[in-house]
Amino acid sequence: MTLLAQQIVLGLLLGGLYGLAAAGLSLVFGVLKVLNVAHGELIMLGGYGAYWLFALLGVDPFAALLLVIPGALLLGAGLYTGLFGFVVRAHEETRIKNSLLVGFGLALALHALAVRLWTADDRSISTGYGGAVLTVGPIAIPLIRLASLLVALALIAGLHLLLARWRWGKAIRATAEDWQAALLTGIDIRRAYLLAFALGTALAGAAGTLVSVGYSISPSIGLEWTLKALIVVVLAGLGSMLGTFVAGLFVGVAEALSAAAFGGPYREVVGLVIFLVVLVLRPQGLFGRAPR
Amino acid sequence: MLEVRGLEAAYGDVPALSGVTLQVGAGEIVALLGPNGAGKSTLLGCVSGLVRPRAGTIFWEGENLLAIAPHLIVERGLAVVPEGRRLFGSMTVEDNLELGAFSPRARAARRESLERVFALFPDLRARRRQVVRALSGGQQQMVAVGRALMASPRLLMLDEPSLGIAPQLVRAILDALVEINRAGVAILLVEQNVRAALTLAHRAYILEGGRVVGEGAGAELLGDPHVRRAYLGPLAAGR
Numbered sequence: 001m002t003l004l005a006q007q008i009v010l011g012l013l014l015g016g017l018y019g020l021a022a023a024g025l026s027l028v029f030g031v032l033k034v035l036n037v038a039h040g041e042l043i044m045l046g047g048y049g050a051y052w053l054f055a056l057l058g059v060d061p062f063a064a065l066l067l068v069i070p071g072a073l074l075l076g077a078g079l080y081t082g083l084f085g086f087v088v089r090a091h092e093e094t095r096i097k098n099s100l101l102v103g104f105g106l107a108l109a110l111h112a113l114a115v116r117l118w119t120a121d122d123r124s125i126s127t128g129y130g131g132a133v134l135t136v137g138p139i140a141i142p143l144i145r146l147a148s149l150l151v152a153l154a155l156i157a158g159l160h161l162l163l164a165r166w167r168w169g170k171a172i173r174a175t176a177e178d179w180q181a182a183l184l185t186g187i188d189i190r191r192a193y194l195l196a197f198a199l200g201t202a203l204a205g206a207a208g209t210l211v212s213v214g215y216s217i218s219p220s221i222g223l224e225w226t227l228k229a230l231i232v233v234v235l236a237g238l239g240s241m242l243g244t245f246v247a248g249l250f251v252g253v254a255e256a257l258s259a260a261a262f263g264g265p266y267r268e269v270v271g272l273v274i275f276l277v278v279l280v281l282r283p284q285g286l287f288g289r290a291p292r
Numbered sequence: 001m002l003e004v005r006g007l008e009a010a011y012g013d014v015p016a017l018s019g020v021t022l023q024v025g026a027g028e029i030v031a032l033l034g035p036n037g038a039g040k041s042t043l044l045g046c047v048s049g050l051v052r053p054r055a056g057t058i059f060w061e062g063e064n065l066l067a068i069a070p071h072l073i074v075e076r077g078l079a080v081v082p083e084g085r086r087l088f089g090s091m092t093v094e095d096n097l098e099l100g101a102f103s104p105r106a107r108a109a110r111r112e113s114l115e116r117v118f119a120l121f122p123d124l125r126a127r128r129r130q131v132v133r134a135l136s137g138g139q140q141q142m143v144a145v146g147r148a149l150m151a152s153p154r155l156l157m158l159d160e161p162s163l164g165i166a167p168q169l170v171r172a173i174l175d176a177l178v179e180i181n182r183a184g185v186a187i188l189l190v191e192q193n194v195r196a197a198l199t200l201a202h203r204a205y206i207l208e209g210g211r212v213v214g215e216g217a218g219a220e221l222l223g224d225p226h227v228r229r230a231y232l233g234p235l236a237a238g239r
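Line by line, the protein sequences give chains A and B. For the first sequence, position 21 matches number 21 in the working numbering, and the numbering has no gaps at all. For the second sequence, position 2 matches number 2 in the working numbering, and the numbering has no gaps at all.
If you are wondering where the hints come from, they were derived from the structure by calculation, not from laboratory data. Here a beta-carbon is modelled for each residue, glycine too, at the ideal position from N, C-alpha and C. Honestly, I wouldn't trust all of these hints.
Stated by the list, open to error - Which bits of chain B does chain A cover? Going by a derived footprint, with three or more residues having C-beta under 8 Å, they are:
#	segment
1	46-55
2	71-80
3	86-93
4	96-106
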């Protein structure tokens, strides 16, 4: 029983990062209508960015967020301007095909780059306070992972506020809902796309940083995280950042429960089962709007 | 002010507009009438920048609108109330209105614009925090008109504002248009409610199959036998 509770807590902590990873993907997908299959690689890069800052300059990973997030914002803006900005100009079918081509190409390129820069080995950031644990009864909560969960929640809440209150945040939401109407009200939708993509990349970078300090990273984690993020996005539906976070927690806990019930190898399977079940029974996700 | 000349547009191989020429002068209410599929919405689409015409010119106060990006056309003083309203349903009335004043020129005047919108549609003031999706069709139409007004337009273009709206609310909206026009805003009104549109309009054009087949003063067209037969019903033709 205690073991199960422990697993659930760990699943919850990991789920928070799933939620953060998914939020970035959801934002880009919802606004640009493009599925960035290289999203996981952006998370990976964020992790390596933090790793480098720690290994070369001794910057604490949580402090590194203050550098990784702006850096990722710029990277996102650059990737949009140089790459995805062209993809969004095409209509429906061409857009989907091009986005997958570009996304997979980018993923391969970033993966190769990472292997070159950091080798294919697993890396992790080990800080002095790394082993600290908060003990609640029989449950041990690793402090770093708890802090990561709180940071993830704070970032998601921040994003939610940005989208709700900031003029361009509202413009982004309007563009996501009806880009033609957005144009008619005078919104430069290309700028909305750029901002959304940059924000999405920033969230990915932050998620990567938290993954590298609480868990470990390697050049290959990209695809795995893209899939996890996608599962969470499908489960949550589009349109609610907070809902995406909750869905992330859900997937984290579901994985823990399935590992406990069926054994370790089945941990990943439950995510895919959720994916299929949601698409069949409630395609708009838990928090998305039903198709009219 | 608005000069459309020889406009040609098509959707793929399907022609939508063939050599359409029309004008809207300062302070005028011009109605654009015609059956479904005549190209009225396409015309508005071309003026607002959403549809790219194959040929022809669109000039607004001497400036070539075809050379300007759609989101900048609002800045020039043209605003559209699209068919079906196209509001941001998940957002509040206030947010929708605020987004209407997104362009820099409109933004500077947004407080006054908002007051003007609430004065025209008092119902909206009480509902400002409500999510638009939850409003009735008529109330949504008011929000749509309000949103376009927030852009401080000199020309307001409306595409079938009475569609699917209860008659008394249609009356309210048309009355609002008269007031808006009195304040100096020119109006280009695409309407299927021909009688209401012709009573309101100074001038009107009739579009059929992508061509202008008739043009004249509002009252004049109300008495025209072809118009009566085609648009005002069989009983009207006899009177």
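Hint check:
1. For a cut-off of 8 Å, the count of residues in the segment 46-55 of chain B with a CB near a CB of chain A stands at 3, and the three-residue condition holds.
2. Coverage of a stretch by a chain is defined here by at least three residues with a beta carbon nearer than 8 Å to that chain's beta carbons; for the segment 71-80 of chain B and chain A the count is 6, and the condition holds.
3. For the segment 86-93 of chain B, the assignment as covered by chain A holds, since 6 residues bring a beta-carbon within under 8 Å of that chain's beta-carbons and 3 suffice.
4. As drawn, the segment 96-106 of chain B meets chain A at 6 residues by the rule of a beta-carbon pair under 8 Å; at three or more, the given contact holds.
Of the hints listed earlier, there is not a single one the structure fails to meet.
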